[in-house]
Amino acid sequence: MSSFKKYRLKNSRFGLKSFGLIALFVSLTGYATEQQIQQQVDAFIQNQYKDHFPELVSDDEVGRLKRFYEHIDGRVSIFWTYQSGNVWLEKLTLIEVQNDGYNELSSISFNGVVESTNKVGEELVIQLRTYDENDPRCCPSKKTTLRYSIYNGELIEL
Amino acid sequence: MLNKMLLSGAFLFSVTAMADMPAYFNNEIDQEYRAVLKHMDEMMPQTDLELAYLPSFYPFSIFDIHATKLKNDKDKQAFTNFNLGVLGSQFLNVEPQVGTKLPNLVICKKDKCTEQRLKQISSFLAVSEEQILAFKNNISLNLVQLTAPNVYRINNTFYSPTQLLSYTPSKYAGFVPSADYKILSPDTASSLMELSAYSQKLRDLMIKHKVAAVTKDKNDSVNVIFGGLSDNHWGVVLLDKSNIPRKGDRNAIGLEYDVIKPLSETSFYYQTN
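Going down the list, the protein sequences come from chains F and Z.
Heads up: the first sequence begins at 306 in this note's numbering, then just goes up one per residue.
Heads up: the second sequence begins at 265 in this note's numbering, then just goes up one per residue.
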């Protein structure tokens with residue numbers, strides 16, 4: 306094969322591959338407006354705030370954002386902490402961002418401390434420290450990894 | 265990866281040949297499909313990430329291969345499932361039991377999700393009349409599909425910022441995408457870029473309202489597909505000359521209507537299955 310033909314073949318293969326690279330990049334990054342998603346995640350966190358009743362012994366309930374991930378179908382998974390008094394809960398909530406707000410699809414609570422979260426493809430990978438038999442409330446020590454996927458608007462543990 | 269693909273492809277074909285190889289998969293179509301698989305393998309970079317390529321399986325995207333020349337609607341529909349199985353096993357990196365559940369992502373049988381869909385359709389229809397009419401009136405436009413603002417498909421050409429991949433349907437099955445393609449530059453493909461410019465406003469609306477594809481059939485009905493995977497699509501059809509179909513009827517690309525909900529005398533929400 307002449308060097309010119311080799312060059313053309315190589316060039317055409319690169320050209321072909323570049324479409325695939327773009328398709329893969331788009332698949333991994335999505336294209337929904339970042340600002341719109343951020344706004345709705347903020348709105349979700351703000352909506353977790355519930356004022357206490359002055360006459361009753363009750364603390365405010367608040368949500369604190371840890372991290373969120375956007376999925377390819379426009380849904381967003383939010384890792385956040387629910388706090389009220391000395392009670393806290395690590396939570397994962399799936400929302401669907403709409404033009405005029407968001408729709409909460411499903412939510413789960415973790416029994417322990419979420420140490421790290423990651424999104425691999427469309428799968429959520431969570432490193433969790435959960436309670437061993439003799440662990441005190443403060444200090445879960447058992448390390449575990451949880452993996453979730455989204456099916457039909459639900460978070461499904463794999 | 266190619267070896268893996270050919271090996272599993274060979275296994276797949278040997279299994280289907282012995283078991284229930286579809287009647288439409290004769291030797292010529294078999295060869296055409298193998299050529300498409302080879303083309304996809306050359307084009308799409310390898311990744312081990314699970315479901316990374318899922319958007320490439322959405323309606324009329326690059327992995328959503330349609331057998332446009334098959335005469336029988338059931339064969340067309342069967343092929344979409346077959347294709348998801350073959351390409352999905354190669355590119356989605358999920359266990360088979362997960363892969364078989366993927367269509368659940370786009371199936372809605374409950375009131376709540378139906379309401380959400382109808383709301384999404386309603387907000388699109390409220391602002392898109394002019395652009396839908398422009399699409400309908402342009403005889404050169406039959407299909408607009410959207411992956412991202414700069415990555416989209418018009419008819420049989422896939423557009424990206426740097427190049428256009430224009431496909432010719434395969435001879436026997438009419439596969440699109442096929443192994444017969446031209447790589448073009450946006451600078452030199454003026455007529456294709458005119459179609460791109462013409463459909464820009466429609467694509468802008470599609471981005472905003474998360475529409476996957478808009479197609480037109482021989483009766484000038486416009487099918488606005490909001491989502492889907494394999495033979496499970498959902499969206500709204502805007503009729504021109506035909507009547508609202510019934511559950512069990514098939515649409516222009518051979519998919520069977522599973523849910524039909526009239527929205528007016530000339531439009532209906534649907535889900536195929």
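Because the hints were derived from the structure by calculation, they are not lab data.
Ideal placement from N, C-alpha and C gives every residue a C-beta, glycine not left out.
A couple of the hints might just be wrong.
Using 35 Å as the maximum straight-line C-alpha spacing, the simulated DSBU-like pairs for lysine-lysine come out as follows [to be verified]:
1. Z:Lys376 to Z:Lys511
2. F:Lys396 to Z:Lys435
3. F:Lys424 to Z:Lys335
4. Z:Lys511 to F:Lys322
5. F:Lys322 to Z:Lys383
6. F:Lys371 to Z:Lys505
7. F:Lys424 to Z:Lys383
8. F:Lys424 to Z:Lys472
9. F:Lys371 to Z:Lys335
10. F:Lys396 to Z:Lys365
11. Z:Lys373 to Z:Lys335
12. Z:Lys376 to Z:Lys505
13. F:Lys355 to Z:Lys505
14. Z:Lys472 to Z:Lys446
Listed next, with one range per pair, are the computed distances between beta-carbon atoms [said to hold, decoys possible]:
15. F:Tyr354 to Z:Glu306: 23 to 29 Å
16. F:Val392 to Z:Gln464: 48 to 54 Å
17. F:Ser411 to Z:Gly363: 20 to 26 Å
18. Z:Gln464 to F:Tyr374: 38 to 44 Å
19. Z:Ala398 to F:Ser389: 26 to 32 Å
20. F:Glu459 to Z:Glu393: 32 to 38 Å
Not the full set, but computed from the structure, chain F residues with beta-carbon under 8 Å of chain Z [unchecked claim]:
21. Asn423
22. Val430
23. Pro441
24. Pro445
Exercise for review: Sort out whether Lys365 (chain Z) lies within 35 Å of Lys396 (chain F), counting only the CA atoms.
Suggested key: Satisfied, since the Cα-Cα distance of roughly 25 Å is no more than 35 Å.
Practice item. With a cut-off of 35 Å on the C-alpha distance, tell me whether Lys424 (chain F) and Lys383 (chain Z) pass. Key: Holds: Lys424 (chain F) and Lys383 (chain Z) sit about 29 Å apart, inside 35 Å.
Review point. Would the pair Lys322 (chain F) and Lys383 (chain Z) pass a check requiring their Cα atoms to be no farther apart than 35 Å?
Key: violated, 39 Å
Review point. Lying within 32 to 38 Å: is that true of the beta-carbon distance Glu459 (chain F) to Glu393 (chain Z)?
Key: For Glu459 (chain F) and Glu393 (chain Z) the Cβ distance comes to about 36 Å; the hint holds.
Review point. Lys424 (chain F) and Lys335 (chain Z): Cα distance at most 35 Å?
Key: violated, 43 Å
**Study point:** Tyr354 (chain F) versus Glu306 (chain Z) beta-carbon gap, inside 23 to 29 Å or not
**Key:** violated, 54 Å
Check your understanding: Is it true that the CA of Lys511 (chain Z) sits at most 35 Å from the CA of Lys322 (chain F)?
Key -> violated, 42 Å
Point to revise | Agreement of Lys472 (chain Z) and Lys446 (chain Z) with the hint, judged by alpha carbon distance not exceeding 35 Å | key: holds, 31 Å
Check your understanding: Regarding the pair Lys371 (chain F) and Lys505 (chain Z), is the alpha-carbon distance no greater than 35 Å?
Key -> violated, 53 Å
Practice item. Assess, step by step, whether the Cα of Lys371 (chain F) is no farther than 35 Å from the Cα of Lys335 (chain Z), and give holds or violated. Key: violated, 54 Å
Practice item. Given the hint that Lys396 (chain F) pairs with Lys435 (chain Z), test it: the Cα-Cα distance must not exceed 35 Å. Key: It is violated: about 54 Å lies between the C-alpha atoms, which goes past 35 Å.
Point to revise | chain Z contact restraint for Pro445 (chain F) - C-beta distance below 8 Å | key: Given a least distance of 28 Å, the restraint on Pro445 (chain F) is violated.
The structure fails hints 2, 3, 4, 5, 6, 9, 13, 15, 18, 19, 21, 22, 23, 24 (numbered hints given earlier, in ascending order).
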